[in-house]
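J.: Each chain, letter by letter, is given below.
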Amino acid sequence: MRQSLKELWQQRRAAFRKEITPYLQDIFRSGFPGFLLLLIIMGMLGYGTLLRDLPADFPYVLVGIIFLTPMACYSPLRTWLHPADVAFLMPREQEMPAYVKASWRHNLIPGFIGLGIVMALYLPIYERAASNPHHWAVFLVCMVILKSLNAAASWRERQIAWPGARRGVRLLRWSLTALLVAALLVVPLWKAALFGLLLSAVIWLIQRLPVRHSFPWERLIAEEARTRRTYYQFFGSFTDVPVLPAKVAKRPYLAWIAGRLRYTHANTYRYLFVLTLLRTELGGMLVRLTLLGMLVIYLLVRSALLEGFGAAGISVLFLIIIRIQVSALRQSHRHSVWRHIYPLPDEQHNESMMRVVVKTLLICSLLLWLPLLLLLAKGFIWPPLITIGLSLAYILFRLPGQFLKKLSKEQDD
Amino acid sequence: MEPVLRVDGLTGGYSPRRPVLHNINFDIKPGEMVGLIGLNGAGKSTTIKHILGLMKPLKGEIQIRGTTLEQDPQRYRSSFAYVPESPVLFDEMTVQEHLRLTGMAYDVDPGHYEQRSEMLLKEFHMAAKRTAFSGHLSKGMKQKVMIMNALLSEPPLYIIDEPFLGLDPLGIRSLLERLVEVKNSGAAILMSSHILATVETYCDRFLVMHRGKMVAQGSLEQVREQSGDRNASLEEAFYRLVTGGDGDAPVT
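Chains as they are written, first to last, in our numbering: chain A, 159 to 571; chain B, 5 to 256.
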């Protein structure tokens, strides 16, 4: 008798959970939960102060768009599909809707909970800052509808055969959702609803145009592989993980940096590691973290939380997270045959990796420090001074030795 | 003439209790192309791994340009280029960036690098793919990138494992032409392949391995003689050598 696809889905989910349990234990032992708790406490403290002393000109529309749009648009789908399924599951394509239904349930429930949490945090700000706010329940219902429509649209997007068209439609969906969130925040509800109807019609029409797959096998397999990579990349910051093929993005806006490195024998590994850092998911994560950090710090600077020390503390916390992330570079090319074949002194490998990590962290710390400079205009001198002093002292004097030691210890093991 | 590569009494494998290679002896001189042939599991790739320094000999010694890996790792490693059986490229790098990385690793002079990388891109019909990521290339194109990287550094020794796998006819022709060219300019080539007709046409000498032993080696005439049929083609001689006995016949 054939196994039901729902059972297969459950088996695969159980297998993945079993697979990651040892890594979760390692993370737990590393003290990361404590750090996370500290981050949440600091965040709540900052949030409380922000609510208490909300500036009259607080950019609540911009903040709403930045935090609510991703919550509405982001519609991941864990399918546990892998490349061999093209051979083994494809013949049962007509049964796949039941399989995907389980995936939707798996992703949408936490998605709606996440949206609820962000709404719970945002609504008090909105109600204080907006001159004529909608009732919170109405706003919440609108956001739930918006997220559901986005989830449905994201499935249609996955079915689009041409990658260019798919990316274009996704960009359009995100942009229009951001516009609709803005409309919800600033215009009367009936106008926002009309606007929403119009936008839904536009998206519906556009999504009908391109050539579509009935079931997007390749897309879902690639998406699953990317999710697994992200998990393993995160685990890689704490412990040894199997090396999965890296997902690569061109990122020409960053990759030029590698091209600027001088063509010399001594720069060989540096060239390799800079490209690895910039083009793999690690680089994307660093860019996102730094930008998010800058935004959060800027908002805290505006609210002058704890006389500037709130923003300074958060900038240090972001730096610590970035430090954890960037050290995942240790995992790259660990088992590459070329390390044993290139005519290069062995110590150049570790030395080059350390230099790339130090420089990256230095750049990120300076970027995170920029919004803190606004504190000077408010007359708070010490928070930016202490932050930059501590960051530079750690990055320039402590990090190099610490990183090299950890690297050689791992290699000895 | 001093050999570029000398393998002397090599016994090796993954465990001292169960060696895979048994007392392998051969050398390769400058300007020679030598074909390493054998069935799957005969020990060709293990021999190559020992030469590359990826495995340590249990007994015996390997010298490249008169030095062992332990004596002078820099000189040893800079003396050869390696093309593995399956292309091993960095997913996050483009074709051109791979060439640049190799140029830096082998300390190729910048001007020379520019000129040679352009020439190789053209020669292997890869100019249009110079900015493509290796992950987006077909298997044959990946193999071309490996070969181009090996040719870029112009070392005295080329170690090439199954070079024709996945290559299109134009790629095979370009590779063979370039190999003849580097051979004529004085480089030594150790090439492992199952395509015996090509090996017979292009190689000067042959190493026939079977069950971890060298069952025959030398010119075509010498291999024919060792197989017991003076008129056989390389393929026929090879067939006799690996099926006629158990592979433990004494090497003459």
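To be clear, the hints were calculated from the coordinates, so they are not data collected in a lab.
A hint or two may mislead.
Take a look, some chain A residues computed to stay more than 10 angstroms from chain B by CB distance [stated by the list, open to error]:
#, residue
1, 198
2, 256
3, 289
4, 360
5, 376
6, 421
7, 437
8, 551
Okay, the calculated bits of chain B under chain A, using three or more residues with CB under 8 angstroms as the criterion [said to hold, decoys possible]:
#, region
9, 27 to 36
10, 87 to 101
11, 111 to 122
We put the beta carbon where it would ideally sit given N, CA and C, even for glycine.
J.: Compare the structure with each hint and give your call.
T.: Hint by hint, here is what the structure shows:
The non-interface label for residue 198/A is consistent with chain B: the shortest C-beta to C-beta separation is roughly 34 angstroms, beyond 10 angstroms. At roughly 33 angstroms from the closest C-beta of chain B, the C-beta of residue 256/A stays outside 10 angstroms, upholding its exclusion from the interface. Separation of residue 289/A from chain B is adequate, the least Cβ-Cβ distance of about 50 angstroms exceeding the 10 angstroms criterion. Residue 360/A, annotated as away from the interface, keeps every beta carbon of chain B farther than 10 angstroms; the closest lies near 33 angstroms.
Non-interface status of residue 376/A relative to chain B is upheld: no Cβ of that chain comes within 10 angstroms, the nearest being about 14 angstroms off. The claim that residue 421/A is not at the interface with chain B is violated, since a C-beta of that chain comes within 10 angstroms of its own (minimum 5 angstroms). For residue 437/A, the non-interface assignment is contradicted: its Cβ lies about 4 angstroms from the closest Cβ of chain B, within the 10 angstroms cut-off. Look at residue 551/A: its CB is around 32 angstroms from the nearest CB on chain B, clear of 10 angstroms, so calling it non-interface holds up.
For the region 27 to 36 of chain B, the stated coverage by chain A is not satisfied: 0 residues place a CB nearer than 8 angstroms to a CB of that chain, which falls below the threshold of 3. Closer than 8 angstroms: that is the beta-carbon criterion, and the region 87 to 101 of chain B has 7 residues meeting it against chain A, so the requirement of 3 holds. Residues of the region 111 to 122 of chain B with a Cβ under 8 angstroms from some Cβ of chain A number 3, which satisfies the need for three, so the listed coverage holds.
Checked against the numbered hints given earlier, the structure breaks hints 6, 7 and 9 and satisfies all the rest.
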